[in-house]
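A.B. asks: Now for the letters of each chain:
2 protein chains.
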Amino acid sequence: MTDPVSPLAPARFPDMPLVGGVRFASCAAGVRYQDREDVMLAVMQPGTAVAGVFTRSATRAAPVLDCQAKLGGETKGQAAILVNAGNANAFTGAHGQASVAAITAAVAQATGVAADRVFTASTGVIGEILPHDRILNHLDQLTTSLDPAAIDGAARAIMTTDTFAKGASAQVKIDGASVTIAGIAKGSGMIAPDMATMLVYIFTDAGHDQTALQGLLGRLTDQTFNCITVDSDTSTSDSLMLCATGAAGVDATGHAEFEAALEQVMLDLAHQVVRDGEGATKFVEIHVSGAASDTDAKTHGLAIANSPLVKTAIAGEDPNWGRIVMAIGKSGAEADRDRLSIRFGDILVAEKGWVSPEYTEADAAAYMKGQDLVISVDLGLSDGSATVWTCDLTHRYIEINADYRS
Amino acid sequence: MTDPVSPLAPARFPDMPLVGGVRFASCAAGVRYQDREDVMLAVMQPGTAVAGVFTRSATRAAPVLDCQAKLGGETKGQAAILVNAGNANAFTGAHGQASVAAITAAVAQATGVAADRVFTASTGVIGEILPHDRILNHLDQLTTSLDPAAIDGAARAIMTTDTFAKGASAQVKIDGASVTIAGIAKGSGMIAPDMATMLVYIFTDAGHDQTALQGLLGRLTDQTFNCITVDSDTSTSDSLMLCATGAAGVDATGHAEFEAALEQVMLDLAHQVVRDGEGATKFVEIHVSGAASDTDAKTHGLAIANSPLVKTAIAGEDPNWGRIVMAIGKSGAEADRDRLSIRFGDILVAEKGWVSPEYTEADAAAYMKGQDLVISVDLGLSDGSATVWTCDLTHRYIEINADYRS
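Heads up: the sequence lines are chains D and U, in that order. Adding 2 to a residue's 1-based position in the first sequence gives its number in the working numbering. Adding 2 to a residue's 1-based position in the second sequence gives its number in the working numbering.
One or more hints might be untrue.
Unchecked claim - To spell it out: a stretch of chain U is covered by chain D in this simulated footprint if at least three of its residues, at any positions, have a beta carbon under 8 Å from a beta carbon of chain D; those stretches are:
hint: 1; segment: 165-171
hint: 2; segment: 246-255
hint: 3; segment: 315-326
What the hints assert, rightly or not - As a list, the in silico DSS-like pairs of lysine-lysine whose alpha-carbon atoms are at most 30 Å apart:
hint: 4; chain 1: D; residue 1: K354; chain 2: D; residue 2: K371
hint: 5; chain 1: D; residue 1: K354; chain 2: U; residue 2: K72
hint: 6; chain 1: U; residue 1: K371; chain 2: U; residue 2: K354
hint: 7; chain 1: U; residue 1: K354; chain 2: D; residue 2: K72
In short, the hints are calculated from the structure, not lab data. Here a beta-carbon is modelled for each residue, glycine too, at the ideal position from N, C-alpha and C.
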């Protein structure tokens, strides 16, 4: 937990605007970590719409199952979210459900929010019983310190192996009124589509139709969080929730600028998660075009992004485009070796199935020394395209993951 | 190429029996490596049946396409196989086909084997033109040194990042006659089902129906080479060929003992490939039972075997069974968290969705210090089962693959 900050981190945590209708609190409950805040609470005003997207893992953690059971209705209302770090409350059998029930009941009592509007998440070690009494013992402290300006503390409290807290925001005008969107995220390992050990909470003071909010969140997730991968592993606890309080007094349902701003906040947070990828030293954008379909393009992009041989070559600053050809070949999506072209940044590496006559390895090797890299692949088949983001695979990843529990 | 021998390697290359009807030669042609043999030639007598299984990569190398085009008929006859190491002749456009044509024509002329019975393979760097003249310049040396006892040199000549040469053999009686099976393999990285940067050549002096031989090889490949994975990456050049010369004077078609012996040779070679996995320090057998189907069991097994988080935990000798739960959850195959049980060796770690009451981490940690590990997962759903084999993910893998071309 004392890892140096990722070299790819933003210079600092951004200045976060207030979001009307939401208050935050965080505290050090000692769930697992000592000497740091590890529990956050967010409470939303009456009339709030809540949407959520969760891991598709068949071994989902108890809090995920509880959240999924509570979402889906059309009712708006007060809502609360409590998250702890250090213990995932996953694969804990009947104990897991009992912990969730105890926490949600206590939060409901302490905040006045109905228990079926209290959502929880837990992140950290799998398979150990959550000592939820430690959280309950701090509920008074949390509820008495709720503050609209305390989102920074919430962002820090949900970190596990993260080396920096992650936040992003946007503001947009709807019918003359200013609407704010602000989100926080955690996640650095076990990051892959569907989704990651990733917790993301986004708040807006826009109002929104409840059912439409769920559809919007799912659609934007496919273009943002489901396009990033660190190590192809998927967690049992991934949760992304979006709360629209309506405090700004306008309804954003179907509003294109609002949706674009929300996507931008989600993409920003998703990129920050990749930039905190365990051991990452390179941020890599992989752009695939000319594929038989958008789905094929994403399949190729993720095959490249998840290939250990591609990721280690990037770590070694080696422009080993042969491994990109290999990854495309194994992806299962359509490809024609003799129509492929590959670029590193603006450098044309290969075209029509062979290395470009103008290519020099010295140019490409110089490009690979950069911290932010773009790899472009054109399949030459049709107009399907996709962009995915990943990081390199380094010694530090091995160190972090061979020692995580020790 | 001066890597220390894998700690998982067998003590030495096995004593290999002669296979009637096959002669071998190898030489140092300087294709890429200096001061070592890098080309092997095998020539089989008239009446030989030849079967082959190849990578399914969409970016297959030129020699693979050539072999696939030549196989599939019902004709038996003389045959030759020429393999070079150091250059994969993959993603080399029209140059690639020209190299294959030049080599096969020259081998046909030098050996008297028909050109459409000359098979080639190339392994090594992708995307560089194969300097095939260097091979042609050594054909006289190869053909004049053909020797039934020279299989050891052939096994060494096809190595790339391999740290030891791989061979296996079996003998079985058919109708009172002794039949021999002997095979060699190379491969240590880019190893995954469908298949790997893996070249495997198996020879037997049994006779065999040509069409049935192809069916047998495909079936046994699914149970052996398609059940191993080192890093989930698949090469553009994987080739597995089986030649039945008939020199023993008996026909093995449909003979159960022969098929069992052949499977044993294939499994032995497949395990040796895993034991030479780049950077491997642990050989891991993953046994999945109780799955909804055999296919589901293999999906779960490969999800566990390919998970970077599982593989790094094994490298760290950490009995982190939570990561196995994670991998099962993400695999996409059917699972019920509350019916799962997991064992490390004989140690019951978890059952019915939670850690076993008799489990102690000290026991499991002691078990993980072993070199050969068995992880067993029972899904508790039905009777589908599968076994897959893999190795751990270590710093050495990163070193090898961040530097391979440098």
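A.B. asks: Next, verify each hint and record whether it holds.
C.D. replies: Now the hints, each set against the structure:
1. Proximity of the segment 165-171 of chain U to chain D, defined as three or more residues with a beta carbon under 8 Å from a beta carbon of that chain, is not established by the 0 residues found.
2. Coverage of the segment 246-255 of chain U by chain D is violated [criterion: at least 3 residues with CB-CB distance below 8 Å; count 0].
3. Under the rule that three or more residues need a Cβ within less than 8 Å of chain D, the assignment of the segment 315-326 of chain U holds, with 8 such residues.
4. Pair hint K354/D plus K371/D holds up; C-alpha atoms about 26 Å apart against a cutoff of 30 Å.
5. Restraint check for K354/D and K72/U: the C-alpha separation of about 25 Å stays at or below 30 Å, so the hint holds.
6. Only pairs whose Cα atoms come within 30 Å are accepted, and K371/U paired with K354/U is accepted, the gap being roughly 26 Å.
7. For the hint pairing K354/U with K72/D, the CA-to-CA distance comes to about 25 Å; that is within 30 Å, so the pair holds.
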